[in-house]
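Asker: Chains V and P are the protein sequences, given in the same order. This note's numbering numbers the first residue of the first sequence as 167 and each following residue consecutively. This note's numbering numbers the first residue of the second sequence as 167 and each following residue consecutively.
Be aware that one or more of the hints could be misleading.
All copies of an identical chain are treated as equivalent in the list; a pair is satisfied when it fits inside any one copy or across any two copies.
Once the Cα atoms are required to be at most 25 Å apart in a straight line, the calculated PhoX-like pairs of lysine-lysine come out as [said to hold, decoys possible]:
1. K268 to K192
2. K268 to K347
3. K381 to K235
4. K391 to K452
5. K427 to K381
6. K268 to K178
7. K235 to K456
8. K456 to K268
9. K174 to K268
These aren't lab readings, by the way, just hints derived from the structure by calculation.
There are 2 protein chains.
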Amino acid sequence: MPQILDGKALAKIIKGELAAQVASMKAAGQRPPHLAAVLVGDDPASQVYVRNKVRACEEVGFDSTLIRKPAQIEQAELLATIQELNADPLIDGFIVQLPIPKHLDEEAVTLAIDPRKDVDGFHPVNFGRMAQGLPAYLPATPLGILEMLRRYEIATEGAHAIVVGRSHIVGTPMALLLSRKAYPGNCTVTLCHSRTRDIAAELRRADIVVAAIGKAEFITGDMIKEGAVVIDVGINRVEDPLARKGYRLKGDVHFETVAPKASYITPVPGGVGPMTVTSLLLNTLKAARKEIYD
Amino acid sequence: MPQILDGKALAKIIKGELAAQVASMKAAGQRPPHLAAVLVGDDPASQVYVRNKVRACEEVGFDSTLIRKPAQIEQAELLATIQELNADPLIDGFIVQLPIPKHLDEEAVTLAIDPRKDVDGFHPVNFGRMAQGLPAYLPATPLGILEMLRRYEIATEGAHAIVVGRSHIVGTPMALLLSRKAYPGNCTVTLCHSRTRDIAAELRRADIVVAAIGKAEFITGDMIKEGAVVIDVGINRVEDPLARKGYRLKGDVHFETVAPKASYITPVPGGVGPMTVTSLLLNTLKAARKEIYD
Numbered sequence: 167m168p169q170i171l172d173g174k175a176l177a178k179i180i181k182g183e184l185a186a187q188v189a190s191m192k193a194a195g196q197r198p199p200h201l202a203a204v205l206v207g208d209d210p211a212s213q214v215y216v217r218n219k220v221r222a223c224e225e226v227g228f229d230s231t232l233i234r235k236p237a238q239i240e241q242a243e244l245l246a247t248i249q250e251l252n253a254d255p256l257i258d259g260f261i262v263q264l265p266i267p268k269h270l271d272e273e274a275v276t277l278a279i280d281p282r283k284d285v286d287g288f289h290p291v292n293f294g295r296m297a298q299g300l301p302a303y304l305p306a307t308p309l310g311i312l313e314m315l316r317r318y319e320i321a322t323e324g325a326h327a328i329v330v331g332r333s334h335i336v337g338t339p340m341a342l343l344l345s346r347k348a349y350p351g352n353c354t355v356t357l358c359h360s361r362t363r364d365i366a367a368e369l370r371r372a373d374i375v376v377a378a379i380g381k382a383e384f385i386t387g388d389m390i391k392e393g394a395v396v397i398d399v400g401i402n403r404v405e406d407p408l409a410r411k412g413y414r415l416k417g418d419v420h421f422e423t424v425a426p427k428a429s430y431i432t433p434v435p436g437g438v439g440p441m442t443v444t445s446l447l448l449n450t451l452k453a454a455r456k457e458i459y460d
Numbered sequence: 167m168p169q170i171l172d173g174k175a176l177a178k179i180i181k182g183e184l185a186a187q188v189a190s191m192k193a194a195g196q197r198p199p200h201l202a203a204v205l206v207g208d209d210p211a212s213q214v215y216v217r218n219k220v221r222a223c224e225e226v227g228f229d230s231t232l233i234r235k236p237a238q239i240e241q242a243e244l245l246a247t248i249q250e251l252n253a254d255p256l257i258d259g260f261i262v263q264l265p266i267p268k269h270l271d272e273e274a275v276t277l278a279i280d281p282r283k284d285v286d287g288f289h290p291v292n293f294g295r296m297a298q299g300l301p302a303y304l305p306a307t308p309l310g311i312l313e314m315l316r317r318y319e320i321a322t323e324g325a326h327a328i329v330v331g332r333s334h335i336v337g338t339p340m341a342l343l344l345s346r347k348a349y350p351g352n353c354t355v356t357l358c359h360s361r362t363r364d365i366a367a368e369l370r371r372a373d374i375v376v377a378a379i380g381k382a383e384f385i386t387g388d389m390i391k392e393g394a395v396v397i398d399v400g401i402n403r404v405e406d407p408l409a410r411k412g413y414r415l416k417g418d419v420h421f422e423t424v425a426p427k428a429s430y431i432t433p434v435p436g437g438v439g440p441m442t443v444t445s446l447l448l449n450t451l452k453a454a455r456k457e458i459y460d
């Protein structure tokens, strides 16, 4: 059986390190890093995500501010809120929880965030700097996966990595990061997506699989090469009348058939998810220390 | 034998279209698009490249300005020149010909160019916008290749594209562009590079090959699948005492053995090269019309 990539345990270790760094910042007379989150409307999933982020800040001793806005907020008012956060010297980084209601312009919102405070790494400036190998805030999920590969000391150079899913938040940046001349990196990367002719055939060649498709248990054991490293980004709700909440969380990977063939595999939940929140904290610390931008 | 992707002929057609558009701009009382190029030092290859760009402007009726600076120029003076060009309302777009002398900071120079005038598409803002599918100036070589695929009506959806070389100027943006949900695009893209274990094995699976390696005749017929589309970005000088200049230009592809297996192939010279200069003109026209940025 494979080694489990225990994101939950790793996140705990990293949070311990972060807490120690906050303590030494405070001892040096500095204020702790400060993350703000803007939540528009009351989408239940978004509320959970934002709450987890605020709670993670508390765990490590970061300051956090949650700004709630009604679903009917006008674009101009949301942009004004962003400008205030951009200008506030006591806020090191902030996020606007996506998705936002349909009447708002997500692109304009992303572009309005000062790249120096864009700890989600969604602004084109950060995305471009990442793609060009310059210092940048990396998007949280890919950063969490890199951190996981690093901490488990998984060899990546020359490996064939298959990334499934080409979103701007996960798949595309993951492909870029695994391609670049670095560790983790130096992989030969194939980016697969809905138009790929034979995803199973691609996957069978992979030493490293990153699944970010959004289809429950799409990847099954017959698609996986013996010894592959399998990273499952999917968090899909599957109805289950027997479960307490009426659903279970399933990854994009069919764990039962894939795990026996993998050398390393992430569980869902408890794999990539906890690492993603931790990445946001890492970026916020970088922001507070002005490690990326002056 | 394959169909030759005749970049020289295609560039001529596109330049004819550009000239017609300049004529109608003038007829409407507008000034023509204006490209400036900064050349630092007197590297012979750079001189040739810049001269070709200026000449291309003349051919289509664009205004052009060539700014020459001595190799010993200080960083601050070069940055001041860039600021002047950023501020000059009569310059729509400009480039700083790379490479620049070693004592200068290429990254700082690239970042100093206003993204709205960055018709080379090298600024992280443009790179990030491209990667995220937002309107952007695309880097000239990948843009030229896309234009070539489009004009020759080559099917790309679902095709397996192998890009060899991960530079920020060609390979990485080409991989991104061929991956995205668009035409040309929707390819399953594998980005190969110096750390790829078996480039030949990867290449044998490719429906579309983009070679941007910088090694003369590296890709040979045995590495190519029957019917592949082969795009050769390489321009390598190979010594040849019998040639008039003492060298010949060779691509990254061994044309004699690859061409018989390909469905389409670019020659070197006369393939990608002329399309690259044309792309710079296309970007400059977009800049003059403020199609990307207000």
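Asker: Compare the structure with each hint and give your call.
Answerer: Okay, the hints, checked on the actual structure:
1. When the C-alpha separation of K268 and K192 is checked against a cutoff of 25 Å, the pair qualifies neither within a copy, at 42 Å, nor between copies, at 42 Å.
2. In this assembly of identical chains, K268 and K347 lie within 25 Å of each other by CA distance solely across copies; the values are 22 Å between and 39 Å within a copy.
3. Taking the shortest alpha-carbon separations for K381 and K235, neither the intra-copy value of 31 Å nor the inter-copy value of 57 Å comes in at or below 25 Å.
4. In this homomeric assembly, K391 and K452 never come within 25 Å of each other (Cα to Cα): the closest approach is 38 Å inside a single copy and 47 Å across copies.
5. Proximity of K427 to K381 under the C-alpha cut-off of 25 Å is restricted to the intra-copy arrangement: shortest distance 21 Å within a copy versus 39 Å between copies.
6. Taking the shortest Cα distances, K268 and K178 never come within 25 Å of each other, neither inside one copy (36 Å) nor across copies (45 Å).
7. Neither within a single protomer nor between protomers do K235 and K456 lie at most 25 Å apart by alpha-carbon distance, with minima of 29 Å and 34 Å respectively.
8. With identical chains, the CA atoms of K456 and K268 are never at most 25 Å apart, being 34 Å at best within one copy and 27 Å at best between copies.
9. Taking the closest pair of Cα atoms, K174 and K268 never come within 25 Å of each other, the shortest separation being 33 Å inside a single copy and 46 Å across copies.
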